[in-house]
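Residues per chain, in single letters:
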Amino acid sequence: MTLTAKWRQWLPHLGIAVVVAYCLAPFYWMLVSSLRSTGDIFSTSLFPSTVSFENYRSVFSPGQGFTRALLNSLIVAGITTAMSLLLATFTAYAMARLEFRFKRLILTLIIATSMFPVVSIVVPLLKLFTDIGWINTYQSMIVPSMSFTLPLAVWNLTTFFRQMPDELEHAAMVDGCTRGQAFRRVIVPLAAPGIFTTAIITFIAAWNEFLIALSMTNKPSMQTATVAISKFSGATTYQTPFGSQMAAGVVVTIPLVVMVLLFQRRIVAGLTAGAAK
Amino acid sequence: MADTAIPPDTAPHQPGTAAPRRPGRPPAPQRPRRRPRSRATAGTGRLAALLVSPTLLVLTIVVLYPTLMALDESLYGTKGLDPKTGFISATEPFVGLKNYTDIFTQAGDRFWNAFWNTTFFTVVTVSLETVIGVAMALIMHRAFRGRSLVRASILVPWAIPTAISGLLWKWIFNADGIANVLLGRQVLWTADGFSAKIAVVIADVWKTAPFIGLLVLAGLQVIPKEVYEAARLDGASALQQFWRITLPLVKPALLVAVLFRCLDALRMFDLPYILIGAQKGSVETLSMLAQNEASNVRFGPASAYAVLLFLYVFLIALAFVRLLGADLIGGVGGTKKRKSHAVRVPRRRVREVAA
Chain R
1 MTLTAKWRQW LPHLGIAVVV AYCLAPFYWM LVSSLRSTGD IFSTSLFPST
51 VSFENYRSVF SPGQGFTRAL LNSLIVAGIT TAMSLLLATF TAYAMARLEF
101 RFKRLILTLI IATSMFPVVS IVVPLLKLFT DIGWINTYQS MIVPSMSFTL
151 PLAVWNLTTF FRQMPDELEH AAMVDGCTRG QAFRRVIVPL AAPGIFTTAI
201 ITFIAAWNEF LIALSMTNKP SMQTATVAIS KFSGATTYQT PFGSQMAAGV
251 VVTIPLVVMV LLFQRRIVAG LTAGAAK
Chain C
1 MADTAIPPDT APHQPGTAAP RRPGRPPAPQ RPRRRPRSRA TAGTGRLAAL
51 LVSPTLLVLT IVVLYPTLMA LDESLYGTKG LDPKTGFISA TEPFVGLKNY
101 TDIFTQAGDR FWNAFWNTTF FTVVTVSLET VIGVAMALIM HRAFRGRSLV
151 RASILVPWAI PTAISGLLWK WIFNADGIAN VLLGRQVLWT ADGFSAKIAV
201 VIADVWKTAP FIGLLVLAGL QVIPKEVYEA ARLDGASALQ QFWRITLPLV
251 KPALLVAVLF RCLDALRMFD LPYILIGAQK GSVETLSMLA QNEASNVRFG
301 PASAYAVLLF LYVFLIALAF VRLLGADLIG GVGGTKKRKS HAVRVPRRRV
351 REVAA
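Protein chains in written order, with the working numbering: chain R, 1 to 277; chain C, 1 to 355.
Calculated from the structure, these hints are not laboratory results. Model, not experiment: these values are computed from the prediction. Worth double-checking, as some hints may not be accurate.
Said to hold, decoys possible - Restraint-style ranges between C-beta atoms, simulated for each label pair:
#	chain 1	residue 1	chain 2	residue 2	range
1	R	A25	C	Q221	22 to 28 Å
2	C	T60	R	I132	15 to 21 Å
3	C	D192	R	S45	28 to 34 Å
4	C	D109	R	V258	44 to 50 Å
Stated by the list, open to error - Quick list of in silico lysine-lysine cross-link-like pairs, DSS-like style, CA-CA up to 27 Å:
#	chain 1	residue 1	chain 2	residue 2
5	C	K197	R	K103
6	R	K219	C	K79
7	C	K225	C	K251
8	R	K231	C	K280
9	R	K231	R	K219
10	C	K280	R	K219
11	C	K280	C	K98
12	C	K197	C	K280
13	C	K280	C	K79
14	C	K79	C	K98
15	C	K79	R	K6
16	R	K231	C	K197
Ideal Cβ placement from N, Cα and C applies to all residues, glycine included.
Can you make the complete structure from the sequences, with help from the hints?
Written out as structure tokens, the structure is:
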């Protein structure tokens with residue numbers, strides 16, 4: 001009709017475009033930079049003049065030790081996630097389904113732990129692990145990581161279990177299952193999507209961890225990917241190897257971005273479960 | 001699963017097959033928590049203890065024990081020359097509260113610098129993130145098409161490891177980087193100085209504003225449409241609708257998001273450490289200071305700083321809970337009763353507005 005009506009129609013689309021650009025532009029810049037050749041790296045064109053995989057080759061060259069770092073990240077984040085999920089499933093079930101004393105207090109305490117400044121536990125653990133010779137071991141990174149992954153997993157799973165109707169396990173118990181059997185045969189299979197989502201969120205948190213991995217390792221062969229990339233050295237002392245850092249950054253991030261794209265609906269549900277209710 | 005599939009008509013005729021093996025249990029526990037309270041709670045209490053204790057045990061080992069260790073450690077000085085004997089001492093001397101009182105002397109300058117940096121980053125980033133995040137949420141709430149595209153892109157900054165986003169922004173803020181090209185001037189962002197603070201703020205806001213947007217969007221989506229219709233009938237302008245309806249109703253979700261972000265910002269480490277570097281005065285946070293002291297084997301002062309940061313975080317969290325009490329706990333600890341209460345509020349508002 002009028003100009004304002006037209007504006008009203010287009011404004012949301014414009015807004016969406018701005019939001020998407022805001023979120024993706026820096027990531028796009030990392031992607032483009034990683035595909036430039038060394039001579040081209042300071043170019044500021046929006047597309048690389050020639051697509052070059054030079055940076056990726058240099059990242060995976062044997063001298064860099066990046067493959068090992070990726071493996072370390074996978075081991076640390078994987079074991080942390082598995083252990084957190086195992087414990088959290090039991091706890092979250094109790095939190096969602098059973099009535100017992102101090103329940104609210106315990107749940108509040110568990111959630112409060114995830115807000116804890118990680119450095120407050122890293123400092124004393126660093127001293128302890130130095131004394132018992134745990135520096136440069138996987139367990140020295142896995143154990144402290146549990147301090148934030150376990151509360152996260154308990155919190156997420158509790159909201160998932162709460163969303164499942166009580167009747168399911170009551171029916172199973174009427175049919176002669178014990179509570180444990182009902183849990184194992186009915187609840188766990190039905191909660192699988194929730195457990196899976198929690199696993200993704202927990203894994204991403206553990207994979208992104210930096211402070212613990214930085215403090216607990218000094219041997220390059222034990223560093224996780226995030227630490228290894230930050231310590232990449234260039235050809236000369238004063239030159240930061242931005243090309244290979246961007247390429248390595250893309251390698252570390254792509255699996256997470258793919259997961260996010262595939263399971264965005266579930267991840268959003270998991271992340272917002274607490275805040276919306 | 002197989003035994004749950006008994007046809008419904010056979011079950012009443014043969015109650016024996018479906019009867020629980022333990023006679024002590026009520027046969028049809030439709031509401032096992034409410035009715036036979038004493039017996040049921042005794043049983044579930046034991047089960048709950050069994051299920052919850054492994055988690056509590058692990059958290060005791062990885063959180064409570066280190067915290068107590070830090071408290072103890074913060075009372076000791078660093079190894080060094082013993083002034084009395086002139087030998088290098090093999091153990092750390094007990095110094096009492098000296099590590100804490102030192103922050104009020106010359107030695108405390110670095111602590112206070114880190115303290116104010118931490119506070120500055122928290123206040124500035126969380127305020128900016130809240131404003132941008134709410135704006136994003138409002139935009140996304142209006143959009144009908146392309147919603148999954150937005151949702152996916154909003155998760156990208158969240159999924160990128162902070163360490164990597166530190167490198168990414170270091171590259172953008174490089175002297176010859178894209179930021180300076182776009183601005184058309186030479187700012188030395190990643191050198192020590194006020195511009196370094198700005199660089200950290202921009203990078204942090206980029207990473208987490210979308211996350212606040214996501215949480216607020218979730219809050220927006222539970223507001224019933226009728227409230228807005230009623231307000232529109234009463235002639236409320238868009239701005240009035242935002243201040244009088246949207247903001248109050250989305251407040252619980254927003255507060256939880258802001259609290260989480262505050263506590264997260266107070267422990268900021270990766271971003272300034274990678275983007276600007278270790279021991280850079282302009283961006284050194286309390287986490288960076290404590291980590292740096294610890295990695296230089298000065299465990300006593302490092303523990304004291306860590307304890308002070310912990311207290312700071314604790315006080316902020318407590319202030320939030322005290323100020324905003326029920327709203328917050330409804331969001332954090334939400335039992336079923338609380339949930340229904342949270343839903344009831346908008347409905348009552350509907351009636352108020354509609355009346």
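ask   = Going through the earlier hints one by one, which of them does the structure break, listed in rising order?
value = Violated hints (numbers, rising): 5 and 15; every other hint is consistent with the structure.
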